[in-house]
Structure formats: C-alpha cells, structure tokens
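Participant: Sequence:
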Amino acid sequence: MSIFEAIILGIIQGLSEFLPISSTGHVTVAGKLLNLISSEHPERWTGFLAIVQLGTLASVLIYFAKDIVHIVSTFFKENLIQPKKISRQSQDSRLGWLILIGTIPVVIVGLAFEDFIEGAYTKNLYVIAGGLIGLAILLAVAEKVAKFKKDMNEITIKDSWIIGIAQVLALIPGSSRSGTTITAGLFMGLKRDVAARFSFLLSIPAVFGSGIFQLFDSLEYLDSAMLLNLIVATIFSAISGYIAI
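Under the working numbering, read the sequence shown as residues 1 to 245, first letter to last.
Among the hints, erroneous ones may be present.
Stated by the list, open to error - Capping the alpha-carbon separation at 25 Å, the derived lysine-lysine pairs in DSS-like fashion look like this:
#1 K158 / K84
#2 K66 / K84
#3 K150 / K66
#4 K150 / K191
#5 K85 / K158
#6 K158 / K147
#7 K191 / K144
To be verified - Simulated restraints on C-beta separations:
#8 V72 / K147: 28 to 34 Å
#9 E114 / K147: 34 to 40 Å
#10 G209 / N79: 17 to 23 Å
#11 F4 / S87: 53 to 59 Å
#12 V145 / F4: 40 to 46 Å
#13 S87 / I3: 52 to 58 Å
What the hints contain is simulated information worked out from the structure, not anything from laboratory work.
Where is the CB? At the ideal position from N, CA and C, for every residue including glycine.
Generate the whole structure from the sequences, applying the supplied hints.
Facilitator: The structure is reproduced here in structure tokens:
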C-alpha cells in the first residue's frame, strides 16, 4: 500500500462512515480495486478497517465533545458519586445507560464470531452488494412507515436494545453501521435527527473497542511501512469524517 492509496482509503472511510452507505463496504471495494486485500490473510484487512475507524471516532469525539463530557460526567455523578435511582436520573445519565445497553449486542456477537468476521467471506463483493441493496430497501421502507415522533428523552430501553441489535449487522461489510442503527431508530419512531444523533453516540464505544482490540491484535504483522500507512489513513479519515458530520 502506498501513501496515496492510504489517503484515498482514509477519505472514503471518513466520508462514508456517517452516511447510510457502509464505509466498510466502500473501503473494501476500493481495497479490492487497488488489489490491497490478501486472500491468504483477510484478517489483516479487517484489522486495517477497524484501526482506521478510530479516525472517524476522533471526529465524533470532537464534534460532540460538549455532549460527551456532559453525558459521562453526569453518568458518573448520578451512579457513583451521588447515586440516584435510574428512574430519577437526568436525561444525560439515562442516555449513558441507553448507550451502554445498545452496545451489549455488538460486543457479544463480535467476540463470539470474531473468526467469521475476519474471514474472507465478509470481504466478498457479492456479500457487500447484498448488504448495500438490503439496507437501502429497509431504509426506504422506514422512511415510508416511520412516525418520526420520539425525541431523545423518549428513547426507551427497548428502543436502545433493538437499535443495538441492528448495529450487529454492521459487522458484515455492506451493512452500514450508521445505516442500520438509523434505520432501526426510524422504525422505532425516532425523529430523523434524534435517530442520527443517537446512532453517532452509540458508535463511540463500539468503534473504540473494536479499533483498540484490532490494533493490539495486529501488532504482530505491523511493520514500519504499514504503520505509517495506518497513521496517514486514520488522519485523513478523521478529517473527512468531521466534514461528513
């Protein structure tokens, strides 16, 4: 992989991460076209994708910095420092719980099916195409039947759990993480902007955990050239991701 190719992949990752078009799918297609994906070691590409997503995570952290600080500080205050019953907690603390609950499904499935996710099947262009088409159909249906009534303070544990289950589909390239979670949110009656905001916040623990896990898992085959390409791709994914938000 050249520096130029790393820049291209980073830009594609960032621009597509927060749109319902599957960043993983598009970056994988680009990787196929550039002949960068090894059929013998497909897990290396999975590691590359997960680490580069840390760039788009950085863009989320910067864009929602005030919201995140408030949610985290309030959550710790009302659960550890000055504990309150969940029913009496503020909206920000409650939102912290909803994000944690929504993250559980992807953690369980991601760890249980790690070998499958890292395998060659999830890099297959037919799988990616099927995911893109299937998600587009679901999103179109959601736009037709959704009620768009619920605000952020009306999201329930059930809503969070179902949106979290939808996030599991994003483990397969072609099924956009933001697309699956926003679509699920619309089906649960959330307003468009609320579904998008909750989707972005929900991505933080999942993307961070996946990126760090894959980073340590990839250390054995990361040489200086590959490390430089990863850094470049991650930086450009952060910049283009912020622009996309």
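Participant: All hints are to be evaluated individually against the structure, with a verdict given for each.
Facilitator: So, going through the hints one by one against the coordinates:
1. K158 / K84: holds (22 Å)
2. K66 / K84: Between K66 and K84 the Cα gap is close to 23 Å, so the pair holds against 25 Å.
3. K150 / K66: Holds - the C-alpha atoms of K66 and K150 are around 23 Å apart, at most 25 Å.
4. K150 / K191: Roughly 6 Å separates the two Cα atoms, so the pair holds.
5. K85 / K158: The given pair, whose Cα atoms are some 19 Å apart, holds under the 25 Å limit.
6. K158 / K147: holds (17 Å)
7. K191 / K144: Judged against 25 Å, a Cα distance of about 13 Å means the pair holds.
8. V72 / K147: 28 to 34 Å: holds (31 Å)
9. E114 / K147: 34 to 40 Å: Holds: the Cβ-Cβ distance is about 37 Å, inside 34 to 40 Å.
10. G209 / N79: 17 to 23 Å: holds (20 Å)
11. F4 / S87: 53 to 59 Å: holds (55 Å)
12. V145 / F4: 40 to 46 Å: holds (44 Å)
13. S87 / I3: 52 to 58 Å: holds (54 Å)
This entry satisfies every hint, going by the numbered hints stated previously.
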